[in-house]
Amino acid sequence: MREFKVVGKSVPKVDAFPLALGKPLFADDIELKGMLHAKILWSPHAHARIKNIDTGKTEALPGVHAVLCYKNVPRVVHTSAGQSWPEPSPYDIVMFDNKVRHVGDRVAAIAAETEEIAEKALKLIKVEYELLPAVFDPEQAMDEGAPVIHDEPDCKYLIPVFYDPKHNHCAHIDLEVGDFEQGMKEADFVIEHKFKTHHEQHCSIEPHTCICYFDHAGRLVIRTSTQVPFHVRRIVAQCLQVPERMIRVIKPRIGGGFGGKQEVLIDDVCAMLAMRTKRPVRLVYTREEEFTSARVRHPMVMWAKTGVRKDGTLTAIQLRVLSNAGAYGPHAMTVMNNTCAKALPLFHCENIKWIADAVYTNLIPGGAYRGYGVTQAAFPMGVMMDEMAETIGMDPVNFWKMNTIKKGETSPIFKALSETGKGVEMIVESCSLPECIDRGAEIFGWREKRERFKNQPEGPVKYGVGMSCMVQGGTVPLIDMASAFAKMNDDGSFNLLIGAADLGTGADTVLAQIFAETLDIPVEDVIVYPSDTDITPFDKGAYASGTTYLSGMAVLKTAEKIKEQILNVAADMLGEPKEDLRIENKAVISSKSGKRVEFSQIVKRALYIKDQFQIAAIASELSRLPPQSFAAHFAEVEVDTETGQVKVLSYVAAVDCGTAVNPKLAEGQVEGAILNGISYALTEEFFFDDKGRVLNPSFGDYKIFSAPDIPKITTILVPSYEPTGPYGAKTVGEVNINGPLPAISNAIYNAVGTRLYDTPFTSERVLNVLKEKGAD
Amino acid sequence: MKKEIEFTINGKSRKLTVKPNELLLNVIREDLGLTGTKYGCGTGECGACTVLIDEEPVLSCLTLAITVDKKKVTTIEGIGTDENPHPLQQAFVETGAVQCGFCTPGMILSAKTLLDKNPNPTEDEIKRAIEGNLCRCTGYIKIIEAIKLASVRMGGRRK
Ligand code: FES
Ligand code: FES
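Residue numbers (the working numbering), protein chains in the order written: chain A, 49 to 824; chain B, 91 to 249.
The hints are simulated quantities; they were obtained by calculation from the structure and are not laboratory data.
No residue lacks a Cβ here, since even glycine has one placed at the ideal position from N, Cα and C.
Worth double-checking, as some hints may not be accurate.
Facing chain A, from chain B, some residues (calculated, C-beta under 10 Å) [unchecked claim]:
1) Gly-123
2) Thr-125
3) Thr-133
4) Gly-134
5) Glu-135
6) Cys-136
7) Gly-170
8) Thr-185
9) Ala-187
10) Pro-195
11) Asp-214
12) Lys-217
13) Arg-218
14) Glu-221
15) Asn-223
16) Arg-226
Straight-line Cα separation of at most 20 Å, EDC-like style, residue types lysine to aspartate or glutamate; simulated pairs [as the list claims (entries may be wrong)]:
17) Lys-168(A) x Glu-336(A)
18) Lys-712(A) x Glu-184(B)
19) Lys-238(B) x Asp-757(A)
20) Lys-751(A) x Glu-221(B)
21) Lys-57(A) x Glu-184(B)
22) Lys-695(A) x Glu-213(B)
23) Lys-609(A) x Glu-627(A)
24) Lys-760(A) x Glu-215(B)
25) Lys-53(A) x Glu-184(B)
26) Lys-109(B) x Glu-96(B)
27) Lys-92(B) x Glu-164(A)
28) Lys-217(B) x Asp-757(A)
29) Lys-760(A) x Glu-235(B)
30) Lys-109(B) x Glu-161(A)
31) Lys-168(A) x Glu-112(B)
32) Lys-92(B) x Glu-163(A)
33) Lys-71(A) x Asp-172(B)
34) Lys-109(B) x Glu-163(A)
35) Lys-634(A) x Glu-646(A)
36) Lys-71(A) x Asp-121(B)
37) Lys-634(A) x Glu-608(A)
38) Lys-92(B) x Glu-161(A)
39) Lys-81(A) x Asp-121(B)
Looking at chain A on its own, in the form it has when it is part of the complex:
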């Protein structure tokens, strides 16, 4: 493998110092003269028609400057999903409707002098509701006679896909590769189970934040905590019915996103209020609103059926998926598709059948969440693998190794389906999963622990270990595009303008490293300016594990174009052919004569002396093949059979993300994803009452892990080299969130001999399952 100078080094994050010093970098850290504060009135009902809204008293309240509701805003059907146009999500939402579809749905909005006045004003709005029956259970949503959630005539998809809103049927796709029934016939054992996964909130510590104002030229500036600035510009223009040229979207530093900010959740309302009042307007979600009126990971019901031969051959896989989209369908189809497209290529199996539906219910809408459907599917598949291994008497380590895709291989799924629909044929060009499994198992002490836990200690506390493997393809092929622009300054430094949206992951740093590597300069010489729709070129945004890989390739190409220009000027200066010249340490050196000319001399010549021009370049990259990142996870748990409490004692993740451009940042991604995954598996849970209200919309009642809860986590980066990625890099943001559910479920089984097919693994659920087992 090539030696790099900057790539592969853990240089500090380019924005770490200002962040640690508490500088005003986030969306809400500015104060504008005359800024108004916005608040939204939420529906208290799960399903109702709004017969009338009386805002008279509200408007009369001193300090109130605008009130919006369905009566006074244009009805523009769109999707809140921040995806590339034409979005593969249904157009089923409007800014304000005369119908509400979940508790926490938008009813009206206010802009007032202070937050206090806005709160008061909300209470003065009189809404007359006609209550409608609601449906919460996805398994009943498509029944004859179920309440129709989207009965409006204008909901639709822009792309030709199945859509039957009259039956709450938001998406459906099925496919078969090979011959599933034949595969079943060839099996010695058939295993079949029903699984359920639950709601999850992103819980980025920074809530959704948006500030809108007009600049000197009368253009609308949207400063917003978003992962998708360019999609925000397009969708807000659409909702406000103004041309895109009137809008500038600025993405400041973002306080975590995890998919939650791949959504145009508040920008349209904030912008409309600014339009109406001609004043700056600020809209920030409360934490409670994050839990009731943002987006969640789609809960799913899944039926898995697999066939396996005694020798370990996986003969057939069937996965049936029912995704609970909630009240609206942003990302519903694409998340659902990923339960196949990005999850199933992992397995060595020729006969695969997949049937998937997404349905509307009167609950909080699903959206993008790190893992994006793969997390959901990885749970049943990881548990089924464990059960199959046990059934045929093979160690899971060997069974996983035998039945997962290797370098140079393909999966029929690649061609059959992508996140958005049609797939692309591809070969896995890099994969160190077998090494990940071996090294992970060794460092974890898999074999010793499996042996040791064959004999459980006396008493209520039992111990177990479990493993799972996972994949996550990055980018959406033939749709996702990223670009970068760079120019050279007098001193030989560079401005690198990227459309990519660093949401706290360190993407700006990784991209600066790729640029620096290509031009052999230190990272300090790269001044990164991220994502501002007026200034930086387009990027689809930060999602689908695409930034390092795709935006990275765009940056690499940009740097290469700049390199050409630098060499041309240097050739002229040195009077030597370009072919003899090379770049080294901020200078161009002739391999023949040994003569050298510094970058600073080259740029001065270009800017001031001869044939003057700006050394600058722009380049784009379109995703052609989705790079596959892999991981093998190992969990050790303690289960208290009296209380049902499960504790993760240690966790090992061996990860193949290609070249880790910045190992420390990559580790940080792995650790963050794993802890989020463990917390989701054990404690995070939404509680709804029978009216569809969220009962626990706070960090006090929705428990995410804090520092004392963390187990010992060990991350091992096992490099591979992805030839289509920048310096061999793939992606690392999402894949590791897919491990904890199956690995922990398998470990619990190892400890107590009972499998958990429903999540989360709370004390209550574990106790129930243990009781059921005792009763048999």
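Based on these hints, arrange chain B with the ligands on the given structure of chain A.
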């Protein structure tokens, strides 16, 4: 009824007139323009709004501004500068403990109190000191590492 309070903020004394129900968080962010102190929940459950009052970490989203009368308030802006960052700020940067950075100010202030009182904390003591500070990005591992590193550099821990 508004009330005048006098207090020290990051070493400078200030007089302000505040409403009795005004939250310290809002005064710090809006009136003093110190936006390093963050709103993450408003209910005392995330720690993003942590500031120090007389060297003790306090959740400013639950604290009335009038209660800081005659007291000493320190925010993230008051413990280090570009030229002279606090060892904790330096360590957070070096270890990769800053991802999105939104929890960072509160985290650093909680850690500062710990190290000021207990220069050589165990890993468990570190975890307990930042228990009230939620981070969704890092998994806490590099944050704990950063606090250990700062403790060494501040002379508390032997390498
Ligand atoms: S904002 Fe004060 S604890 Fe969350
Ligand atoms: S670094 Fe993002 S919340 Fe801690």
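Hints and how they fare:
no.	hint	result
1	Gly-123	holds (7 Å)
2	Thr-125	holds (4 Å)
3	Thr-133	holds (6 Å)
4	Gly-134	holds (8 Å)
5	Glu-135	holds (4 Å)
6	Cys-136	holds (6 Å)
7	Gly-170	holds (6 Å)
8	Thr-185	holds (8 Å)
9	Ala-187	holds (8 Å)
10	Pro-195	holds (5 Å)
11	Asp-214	holds (8 Å)
12	Lys-217	holds (4 Å)
13	Arg-218	holds (6 Å)
14	Glu-221	holds (5 Å)
15	Asn-223	holds (7 Å)
16	Arg-226	holds (5 Å)
17	Lys-168(A) x Glu-336(A)	holds (18 Å)
18	Lys-712(A) x Glu-184(B)	holds (10 Å)
19	Lys-238(B) x Asp-757(A)	holds (18 Å)
20	Lys-751(A) x Glu-221(B)	holds (13 Å)
21	Lys-57(A) x Glu-184(B)	holds (12 Å)
22	Lys-695(A) x Glu-213(B)	holds (19 Å)
23	Lys-609(A) x Glu-627(A)	holds (15 Å)
24	Lys-760(A) x Glu-215(B)	holds (16 Å)
25	Lys-53(A) x Glu-184(B)	holds (19 Å)
26	Lys-109(B) x Glu-96(B)	holds (14 Å)
27	Lys-92(B) x Glu-164(A)	holds (16 Å)
28	Lys-217(B) x Asp-757(A)	holds (9 Å)
29	Lys-760(A) x Glu-235(B)	holds (13 Å)
30	Lys-109(B) x Glu-161(A)	holds (16 Å)
31	Lys-168(A) x Glu-112(B)	holds (16 Å)
32	Lys-92(B) x Glu-163(A)	holds (18 Å)
33	Lys-71(A) x Asp-172(B)	holds (10 Å)
34	Lys-109(B) x Glu-163(A)	holds (15 Å)
35	Lys-634(A) x Glu-646(A)	holds (6 Å)
36	Lys-71(A) x Asp-121(B)	holds (16 Å)
37	Lys-634(A) x Glu-608(A)	holds (14 Å)
38	Lys-92(B) x Glu-161(A)	holds (19 Å)
39	Lys-81(A) x Asp-121(B)	holds (13 Å)
Going through the hint list in order, the structure satisfies each hint without exception.
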